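Undergrad: The residues making up each chain are set out below.
4 protein chains.
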Amino acid sequence: MENSFGKLFTITSFGESHGRCVGVTIDGCPSGLALTEQDIQKEVDKRRPQAGIGATKRTEEDRVEILSGTFNGHTTGAPVCLLIWNKDVDSTEYEKMRFLPRPGHADYTAFSKYGGFNDFRGGGRFSGRITATLVMAGAVAKKLLGTVGIEVLAHTIEIGGIKASPKKIDEIRKNVTTNPLRCADPTAAKEMIGLIEKVREVGDSVGGAVEGIALNVPVGLGEPIFDTLDGDLSKAILAIPAVKGVEFGSGFSVAGKIGSENNDSLAIKASKIVTLTNNAGGILGGISNGMPIVLRAAFKPTPSIARSQKTVDLKKMSTVSLEIKGRHDACIVPRAVPVVEAMMAVTICDFALRAGVIPRVIK
Amino acid sequence: MENSFGKLFTITSFGESHGRCVGVTIDGCPSGLALTEQDIQKEVDKRRPQAGIGATKRTEEDRVEILSGTFNGHTTGAPVCLLIWNKDVDSTEYEKMRFLPRPGHADYTAFSKYGGFNDFRGGGRFSGRITATLVMAGAVAKKLLGTVGIEVLAHTIEIGGIKASPKKIDEIRKNVTTNPLRCADPTAAKEMIGLIEKVREVGDSVGGAVEGIALNVPVGLGEPIFDTLDGDLSKAILAIPAVKGVEFGSGFSVAGKIGSENNDSLAIKASKIVTLTNNAGGILGGISNGMPIVLRAAFKPTPSIARSQKTVDLKKMSTVSLEIKGRHDACIVPRAVPVVEAMMAVTICDFALRAGVIPRVIK
Amino acid sequence: MENSFGKLFTITSFGESHGRCVGVTIDGCPSGLALTEQDIQKEVDKRRPQAGIGATKRTEEDRVEILSGTFNGHTTGAPVCLLIWNKDVDSTEYEKMRFLPRPGHADYTAFSKYGGFNDFRGGGRFSGRITATLVMAGAVAKKLLGTVGIEVLAHTIEIGGIKASPKKIDEIRKNVTTNPLRCADPTAAKEMIGLIEKVREVGDSVGGAVEGIALNVPVGLGEPIFDTLDGDLSKAILAIPAVKGVEFGSGFSVAGKIGSENNDSLAIKASKIVTLTNNAGGILGGISNGMPIVLRAAFKPTPSIARSQKTVDLKKMSTVSLEIKGRHDACIVPRAVPVVEAMMAVTICDFALRAGVIPRVIK
Amino acid sequence: MENSFGKLFTITSFGESHGRCVGVTIDGCPSGLALTEQDIQKEVDKRRPQAGIGATKRTEEDRVEILSGTFNGHTTGAPVCLLIWNKDVDSTEYEKMRFLPRPGHADYTAFSKYGGFNDFRGGGRFSGRITATLVMAGAVAKKLLGTVGIEVLAHTIEIGGIKASPKKIDEIRKNVTTNPLRCADPTAAKEMIGLIEKVREVGDSVGGAVEGIALNVPVGLGEPIFDTLDGDLSKAILAIPAVKGVEFGSGFSVAGKIGSENNDSLAIKASKIVTLTNNAGGILGGISNGMPIVLRAAFKPTPSIARSQKTVDLKKMSTVSLEIKGRHDACIVPRAVPVVEAMMAVTICDFALRAGVIPRVIK
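Those sequence lines, one after another, are chains A, B, C and D. Going by our numbering, 99 is the number at position 90 of the first sequence; the sequence numbering is gapless. Going by our numbering, 364 is the number at position 355 of the second sequence; the sequence numbering is gapless. Going by our numbering, 160 is the number at position 151 of the third sequence; the sequence numbering is gapless. Going by our numbering, 19 is the number at position 10 of the fourth sequence; the sequence numbering is gapless.
Keep in mind that the hints were calculated from the coordinates and are not lab data. Bear in mind the structure is a predicted one, so any value in this text is a computation, not a measurement.
Think about it this way: if two alpha-carbon atoms lie no more than 27 Å apart in a straight line, the pair counts; the simulated DSS-like pairs of lysine-lysine are:
id: 1; chain 1: D; residue 1: K278; chain 2: D; residue 2: K177
id: 2; chain 1: D; residue 1: K96; chain 2: D; residue 2: K55
id: 3; chain 1: C; residue 1: K105; chain 2: A; residue 2: K372
id: 4; chain 1: D; residue 1: K199; chain 2: D; residue 2: K177
id: 5; chain 1: C; residue 1: K16; chain 2: A; residue 2: K16
id: 6; chain 1: A; residue 1: K319; chain 2: B; residue 2: K177
id: 7; chain 1: A; residue 1: K51; chain 2: A; residue 2: K177
id: 8; chain 1: A; residue 1: K281; chain 2: B; residue 2: K319
id: 9; chain 1: D; residue 1: K16; chain 2: C; residue 2: K16
id: 10; chain 1: D; residue 1: K16; chain 2: A; residue 2: K372
id: 11; chain 1: A; residue 1: K325; chain 2: C; residue 2: K372
id: 12; chain 1: C; residue 1: K183; chain 2: C; residue 2: K51
One-sided excerpt, in silico: chain A residues whose CB lies under 8 Å from chain C:
id: 13; residue: N12
id: 14; residue: E25
id: 15; residue: G86
Glycine included, each C-beta is placed from N, C-alpha and C at the ideal position.
Given the sequences, and given the hints that come with them, work out the whole structure.
TA: Structure follows, in structure tokens:
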């Protein structure tokens with residue numbers, strides 16, 4: 010079950026970048042949820058390459074199909090299978106590079122693990138394209154969470170060292186759609202676009218960071234000591250290609266803090282218990298505390314760059330120079346924003362079902 | 010199975026801080042592994058409070074007992090149950106604070122989740138003491154990994170903003186035992202001790218960071234797309250109380266990097282494929298690439314501080330001031346070092362079994 | 010993960026009887042296995058309705074498609090998704106019976122469990138048609154088992170009280186293809202066909218039993234105390250609709266036996282340890298002992314009969330008479346034979362992977 | 010997780026027949042359940058050897074201890090660890106027989122699987138004694154089920170071909186405690202006792218069958234298509250040593266029936282939907298239908314008999330005669346009755362949690 014995630018809301022991903030399709034099966038989705046292909050399509054569209062930010066030229070006209078699990082516009086309780094047929098696939102470049110693992114890619118590890126039988130075309134299972142399966146599952150999770158008022162959103166907070174200044178939830182919601190970077194700070198966004206363009210021109214790529222936020226998560230989600238909310242969220246986020254770190258609330262900055270500044274004081278607001286700060290990122294002891302869940306993920310620069318690189322010819326076992334051709338994003342961070350949202354939604358949905366916050370039948 | 014971790018090498022933790030015992034059951038341990046109580050005791054001893062760094066005064070004379078799973082000094086293939094009886098328990102302070110959740114602790118989330126039935130004494134299941142169960146399991150994992158030459162080690166790299174300078178593996182191995190901080194940089198260690206002392210005097214606490222390293226991990230461990238090596242490692246590390254972030258290789262710094270500097274070039278060394286740098290932290294596409302696995306975890310300052318804090322009386326639903334008494338560490342980071350080692354070992358052990366790197370019978 | 014089965018070789022079924030398709034995803038299939046659509050098609054064809062035994066007239070021209078997981082004719086280590094598009098679907102009768110649960114069917118339990126949102130057309134997820142997904146997965150499992158010399162076969166041993174006389178393996182292999190009942194005893198088969206015809210004429214149905222056998226299973230498969238070989242086999246077999254009992258070796262007859270007659274004496278044959286009898290059905294303590302695995306499953310008569318029956322109108326909550334129209338098998342036992350084979354193959358494959366008998370890469 | 014069972018109510022068994030203890034950990038038990046050692050002790054006492062029916066002379070004064078998971082007499086939501094220390098252990102006979110696998114026992118399969126490292130003393134993990142861990146877990150499950158009105162009971166229905174005549178629920182409840190066989194038919198019980206005594210005198214053993222019944226199970230438990238209620242019940246029952254078959258409702262007799270006699274007509278009784286017969290044994294499509302769950306399990310005669318038997322010396326690889334000494338039951342069926350109850354309770358409890366029938370906090 011290595012391609013499955015979730016205990017009660019279980020998603021199983023399949024498909025390859027240059028195969029016939031990419032798809033996902035959702036098992037454990039409650040019956041009675043209103044669900045159409047359009048609900049999923051609109052989330053998938055968010056990860057389309059955006060104009061003006063050095064994204065791949067592959068025209069991904071991804072059309073979502075529901076293969077099973079709905080009837081009369083509602084989920085039935087049976088597995089929901091969602092699929093996108095692959096189109097516009099050009100595998101010629103990859104055949105030439107079969108034995109030339111690209112630095113920073115999974116080419117070498119996949120070749121070794123699967124004995125050379127892996128579908129290497131376009132990165133196969135390790136392609137960013139596989140994130141479409143996560144986004145499809147996330148779309149269903151988001152709809153489910155919506156039935157109990159939980160909202161998940163994400164935004165770009167850093168590109169190549171340029172950091173967005175912190176914004177309020179309302180501004181984030183509004184601003185992410187106003188620029189191709191899905192960044193809530195329009196000023197920083199402009200700078201980021203400039204950097205990406207500059208990097209793209211020299212055939213290079215650049216990394217960044219995304220913040221994910223979940224609102225209205227009730228107290229009590231998470232199943233310690235191992236199935237913690239933060240533990241499963243981090244595992245979910247690390248399933249997204251290129252992520253090299255995950256942090257919650259104050260995150261890595263806690264290493265430099267003292268207890269009296271990092272502890273969040275408790276208080277009562279509208280007869281509800283809250284904390285006055287949110288250094289915990291909404292999670293204490295692996296369990297949600299009712300405050301917004303806040304996490305950040307670091308994305309490495311796309312390893313596919315046009316510059317000459319050193320690698321090993323796996324057949325001849327000799328060192329060679331490699332120049333990667335083909336269509337690649339100079340910065341995948343903006344396209345990763347809906348994926349972070351999706352994986353947060355899937356994870357929280359699973360815990361909401363485990364805690365009984367979402368019922369088995371939606372009425 | 011919320012208190013279980015691992016698919017083939019499965020550990021199940023039980024026990025409470027102020028209950029009768031803390032224990033762990035290991036299911037799926039291959040038969041034939043030489044294993045004595047001393048093997049486990051020596052790892053458990055590493056997390057004992059150290060003199061001179063403001064650690065709790067609770068005298069934890071933790072004596073490990075093997076309850077099952079070994080016969081004639083070897084594992085049998087049956088579940089290995091390991092136990093430590095609790096002693097020197099003083100719960101009086103906790104009874105008074107039953108309805109006063111300590112800021113930064115799991116008191117409020119546990120109270121809510123378990124309907125007030127949770128054993129709150131000493132933090133119950135959310136106590137740092139529970140990490141003894143992780144370390145016991147880790148001791149068995151480390152022995153198993155040793156049979157195939159894999160080594161796991163960890164060290165303190167930051168306390169309250171004071172950072173250790175990078176050291177070579179040999180120095181790390183040697184230096185961690187020379188100071189109570191388990192820090193490989195003796196100069197930084199001295200500074201850190203000074204800071205902890207200062208913080209302790211004012212009744213406060215301080216955070217830090219730990220680096221974990223696994224050596225000689227063969228290519229091919231990890232089961233993408235969800236059961237990735239980094240995904241499961243992060244989940245494992247986040248099961249350790251107080252961790253707020255995990256990163257691999259270059260970690261969060263990748264957000265500021267370009268592809269040509271972050272990609273690790275491949276090369277051949279002693280007829281083995283290696284990378285010339287290790288920004289990937291030994292993991293590509295969720296699979297080990299044969300280089301050292303490197304991760305870092307951020308630990309928040311211990312939430313138990315002597316200073317007055319604001320909280321809510323859960324019974325009266327009113328805001329109150331709280332002063333925590335009792336015995337607490339001013340900095341838990343050094344005691345977390347063997348726990349990071351343990352959780353890394355457990356996770357890698359599980360993947361080594363899944364990949365067939367460790368056989369089902371040790372001969 | 011209610012629609013998934015298997016720990017390392019995990020199959021996930023999806024699709025409905027009258028939906029767009031039925032499909033299955035296989036996760037954990039080793040890479041390097043030669044696999045074509047024809048390999049799977051030939052197993053699926055075995056469950057086609059046979060002429061002359063009162064089977065449904067629905068023309069199931071089931072064409073298998075591989076959607077993912079193979080490349081250049083071999084498995085890649087990625088999930089293998091297999092699909093059959095549904096054709097020739099006529100749902101008109103079912104719409105009328107929406108609130109009239111058929112006795113002996115899952116109509117009422119599914120209606121209750123899924124709050125009326127279940128796809129009731131043709132039985133939805135509870136249709137015999139769903140066994141096509143099991144057979145597809147079984148086809149892959151059988152091919153995998155073949156690489157290590159393990160063979161799985163099944164045959165009809167009873168229909169409506171008419172029992173086949175015991176036959177040797179060679180005869181079973183040969184005879185099952187010579188009659189539409191997949192019965193190894195040609196004389197009994199004739200009688201059975203007569204009975205089915207008689208039953209069909211009066212609009213009734215009849216039950217039966219199937220025996221499944223696995224040959225060349227090495228000693229050591231099974232993971233006690235819970236993941237026993239017989240325990241998981243029984244769970245797998247009970248996933249087949251209409252099964253009401255499973256037994257191993259001497260089965261239920263052991264209730265009337267004494268130890269000295271039921272114990273299988275051990276002996277040496279061709280320097281291999283064997284038992285002189287096989288009352289154990291090849292399993293002791295939940296672990297295979299190297300002898301043939303032998304199980305039997307009892308199938309109830311198809312609940313869909315043309316005779317008038319009493320049921321409850323779920324909307325009006327009143328008792329009514331029901332006459333089922335449509336196309337139904339008078340005896341599903343012969344079509345269940347390949348399904349028993351499939352579920353045995355899937356289960357044994359999973360344990361063979363867990364024991365390392367099948368490697369992660371097939372060369 | 011081979012020694013774990015259950016998805017939300019997960020039991021993990023550990024310990025050996027002649028080791029230090031036998032124990033079980035229950036993970037996922039809701040908080041707030043009143044639970045004392047006496048609750049568990051009384052179930053464990055049921056499997057004590059009874060006078061007058063040829064049971065082992067080993068004095069099992071099994072004293073249950075709760076090691077974790079309760080506080081102030083209630084479960085806390087943390088894992089409940091239950092333990093019995095082993096006493097009165099005599100392993101001398103077993104040392105002699107180390108390489109002489111007893112026919113009908115798991116000696117040979119365990120030896121092979123675990124490379125000779127298994128604790129063979131008293132059968133180790135394959136001893137009937139391990140069922141004490143199941144009964145302890147079952148005791149907690151039964152208490153939990155009791156909070157929602159579900160009752161589980163079992164009784165002996167056959168010993169060596171002598172069958173008990175069917176009795177009503179009230180009689181079963183009452184009669185099982187009146188004879189050492191836990192048989193609801195006093196006349197048959199007397200005959201059975203006579204047979205057991207006769208068999209015991211000649212150093213032999215005898216098999217039998219047990220029926221398990223669950224009352225007041227609501228409609229909707231079971232998670233098809235794989236996690237069916239009958240599928241998981243059969244897996245649970247087959248974890249009990251010596252079981253060779255499981256059947257539900259009409260069971261194996263359905264092979265000889267026609268549809269019109271086997272289908273259970275639906276009707277309304279006290280404004281609840283019921284079936285007029287219960288051939289389905291309370292399960293349709295893998296889901297409970299509100300009628301009593303009825304299953305039967307066949308137990309083989311205890312393989313430990315005093316008569317001379319043929320086996321193989323695993324060290325010398327030669328055929329030898331074997332005479333087993335020591336203390337053994339001539340018929341284990343009566344002692345298996347509480348174990349069947351326990352495993353039914355554990356399984357139903359898991360499904361009740363999955364369906365939300367039992368809440369996460371008991372109030």
